[in-house]
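Engineer: Kindly generate the complete structure, drawing on both the sequences and the hints.
In the order they appear, the protein sequences are chains C and X.
Using my numbering, you'd call the opening residue of the first sequence number 255 and step up by one each time.
Using my numbering, you'd call the opening residue of the second sequence number 84 and step up by one each time.
If you're looking for bench data, these hints aren't it; they were derived computationally from the structure.
As the structure is a prediction and not an experimental result, all values here were calculated from the model.
Some hints could be false.
[As the list claims (entries may be wrong)] In silico PhoX-like pairs for lysine-lysine, Cα to Cα no more than 20 Å straight-line:
hint	chain 1	residue 1	chain 2	residue 2
1	X	Lys135	X	Lys110
2	X	Lys110	C	Lys730
3	C	Lys703	C	Lys769
4	C	Lys761	C	Lys797
5	C	Lys761	X	Lys110
6	C	Lys478	C	Lys419
[Unchecked claim] Computed far set for chain X versus chain C, every beta-carbon distance over 10 Å:
hint	residue
7	Ala106
8	Gly109
9	Trp111
10	Leu120
11	Asp122
12	Ala125
13	Gly128
14	Leu129
15	Leu130
16	Gln138
17	Leu147
18	Ser155
19	Ile166
20	Pro171
[Unchecked claim] Only part of the chain X face toward chain C is listed, based on derived beta-carbon distances under 7 Å:
hint	residue
21	Ser116
22	Lys135
23	Pro139
24	Val143
25	Phe169
26	Val173
Ideal Cβ placement from N, Cα and C applies to all residues, glycine included.
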Amino acid sequence: MYRYDEFDRRFLDERVAQFRGQVARRLAGQLSEDEFRPLRLMNGLYLQLHAYMLRVSIPYGTLSSAQLRGLAHVARRYDRGYGHFTTRQNIQYNWIKLAETPDLLADLAKVEMHGIQTSGNSFRNITTDPFAGVTAEEIEDPRPWCEIIRQWSILHPEFSFLPRKFKIAVSAATEHDRAAVKMHDLGLYIRRNAEGDVGFQVLIGGGLGRTPYLGLVLREFLPKRDLLAYLEAALRVYNQYGRRDNIFKARVKILVHSLGIEKMRAEVEAEFAAMSKDKLELPEAAVAAIRAQFSPPPYADAAGDDAILQRLTAAEPAFARWVKYNTHAHRQPGHAIVCISLKPPGKPPGDCSAAQMELIADLAEELSHAEIRVTHEQNLVLPHVRKAALYDLWRRLAAAGLASANIGLASDIIACPGLDYCGLATARSIPIAQVLGERLAAREEAIGKLAIKISGCINACGHHHVGHIGILGLDKNGEEFYQITIGGSDDEHAAIGAITGPAVAAKDVPEAVDKLIDTYIGLRQNGERFPETYRRVGMSPFKEALYAAR
Amino acid sequence: MAESVQKLVTGNRLRDGVPVYFAGGGKWSSAVSGALLVDPAAAEGLLAEAQKGEQPLPAVGMELIEAVREGSRIVPVTLREKIRAFGPTVSFGTVPHG
Chain C
255 MYRYDEFDRR FLDERVAQFR GQVARRLAGQ LSEDEFRPLR LMNGLYLQLH AYMLRVSIPY
315 GTLSSAQLRG LAHVARRYDR GYGHFTTRQN IQYNWIKLAE TPDLLADLAK VEMHGIQTSG
375 NSFRNITTDP FAGVTAEEIE DPRPWCEIIR QWSILHPEFS FLPRKFKIAV SAATEHDRAA
435 VKMHDLGLYI RRNAEGDVGF QVLIGGGLGR TPYLGLVLRE FLPKRDLLAY LEAALRVYNQ
495 YGRRDNIFKA RVKILVHSLG IEKMRAEVEA EFAAMSKDKL ELPEAAVAAI RAQFSPPPYA
555 DAAGDDAILQ RLTAAEPAFA RWVKYNTHAH RQPGHAIVCI SLKPPGKPPG DCSAAQMELI
615 ADLAEELSHA EIRVTHEQNL VLPHVRKAAL YDLWRRLAAA GLASANIGLA SDIIACPGLD
675 YCGLATARSI PIAQVLGERL AAREEAIGKL AIKISGCINA CGHHHVGHIG ILGLDKNGEE
735 FYQITIGGSD DEHAAIGAIT GPAVAAKDVP EAVDKLIDTY IGLRQNGERF PETYRRVGMS
795 PFKEALYAAR
Chain X
84 MAESVQKLVT GNRLRDGVPV YFAGGGKWSS AVSGALLVDP AAAEGLLAEA QKGEQPLPAV
144 GMELIEAVRE GSRIVPVTLR EKIRAFGPTV SFGTVPHG
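Structural biologist: Given below as structure tokens:
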């Protein structure tokens, strides 16, 4: 994985010193809150309901063991002993004190981490497939390209004050999209063209929030060498024409869908043709140097591991279930990609204690070449585990409450922090996720793959628009109500869910979800997943089940 | 028995972001029960008083919210403010929040 060079380290140390001075001036009354607020937000520091909240960037969701230990240290020393992994593959801390933030950022810098550009109208964390580099499904590892985009985009002077935030995702898997690429301001699929060359399909204008859209194809095939020049052209068009008069219409998706994709494409191509590309064209040597930092680890010969795993799964049904749902095929024989669920039913989705982080860091060091990934579903991944080590790993995870065998199932719920923490939320998310998780866990294997996603407000941090079942919390005259959507999907069959009808009271949500699931089970054919059944039969039977008897 | 809706001034403490409540006389309380409750007609005057003083003021994001007195307790009206005053309604592991 990418390691900081001397320039990176010096820059970050200087940035921490700069923020230390800003905090001191704020606490001394030399800076007003209006003056200080943009400075703290540029370092990822928000003010929420109960305290300051710090969001720490985890570039493309990749962590070393040392970094995860660093995050555990922050949780224990500066927070209340836990952190919350987010849908942007980042981590948030909910109980931060402003006066301690400079020391916190200095500690983070020691493990090459920071909160820069996790807030504000700038590029946010570049995200990717959490199985990048280890799945056999991909054309090549997308992380070097994420790193190249990160280096280009972070503190880019021309794009430091965009009309609104800008999110980019990259995926190289040909069959499965695990990075929700179509829901991003700009999405990149690494693809091979008819001549066999590898480049990018470029999408633009996706996003959730109050106006959800799927991204549209801006360029069918972009040669690799032109990546940064083309991104710069697209951002220039957005920077010039994006609205700044209305925050709700400022995202690039609004520009794309008001101009139309043809006009947007013409503008970007014209800018791209006119711009000087010399400084932005990517030299192969520079790309190779970054790619070298993502070289596969030295895998052991694991020829006998499949037989060992087969014997152990046959002997222990609980282990077999965990292997079935929480491990995935690895490109290296005898190895597996392991998902660690942060969704024990009844617990807040995505929360992880300092002790759990330290255990996972230890396990990664021992069993996964010291590497961890964060998924946008708020789970963690150990990307390089020998199959013969899975049983030992499972037992040690189970002892720490980390062996829920539910990846992709009904209790693997995405939920934003909601009104329990967030200053923007209009209703609570976590209690709904807790109730649903506990209620559905007993029958989730019979239900099959199901994505339930919950947001506590229209900003959609819980991705409710693309849940098979999406739940949006609303405030109706001081009461929490929940609008339910169905048929959404964030994968290669991306779709925005449709609203079922009037919102339901909080106490009625579990029964409503039960009815939707029962309707699906009654109607599904040939192993259909929920959105496939919905697309075939339409809204009517679900709507009838939900509202007919009310 | 709850009395009629009154108003108080709240904000977040500058140093650590903890919700605080204006108690009058330049004092702030981290407990909502320590807030000075006033009739709606006097609310703007209370806010102006809270915003006076040397920089930095102890709280940021000051605003008026509705609350009622229930016996010896002061209870904010909205769920959002109840959660600010009494903590999240969820726990992490065995550690209760709030």
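Engineer: Indicate, hint by hint, whether the structure satisfies it.
Structural biologist: We went through each hint and held it up to the structure:
| no. | hint | result |
| --- | --- | --- |
| 1 | Lys135(X) x Lys110(X) | holds (12 Å) |
| 2 | Lys110(X) x Lys730(C) | violated (35 Å) |
| 3 | Lys703(C) x Lys769(C) | holds (17 Å) |
| 4 | Lys761(C) x Lys797(C) | holds (19 Å) |
| 5 | Lys761(C) x Lys110(X) | violated (40 Å) |
| 6 | Lys478(C) x Lys419(C) | violated (25 Å) |
| 7 | Ala106 | holds (20 Å) |
| 8 | Gly109 | holds (15 Å) |
| 9 | Trp111 | holds (16 Å) |
| 10 | Leu120 | holds (19 Å) |
| 11 | Asp122 | holds (21 Å) |
| 12 | Ala125 | holds (24 Å) |
| 13 | Gly128 | holds (22 Å) |
| 14 | Leu129 | holds (20 Å) |
| 15 | Leu130 | holds (16 Å) |
| 16 | Gln138 | violated (3 Å) |
| 17 | Leu147 | holds (17 Å) |
| 18 | Ser155 | holds (24 Å) |
| 19 | Ile166 | violated (6 Å) |
| 20 | Pro171 | violated (4 Å) |
| 21 | Ser116 | violated (17 Å) |
| 22 | Lys135 | violated (14 Å) |
| 23 | Pro139 | holds (4 Å) |
| 24 | Val143 | holds (5 Å) |
| 25 | Phe169 | violated (10 Å) |
| 26 | Val173 | holds (5 Å) |
Checked against the numbered hints above, the structure breaks hints 2, 5, 6, 16, 19, 20, 21, 22, 25 and satisfies the rest.
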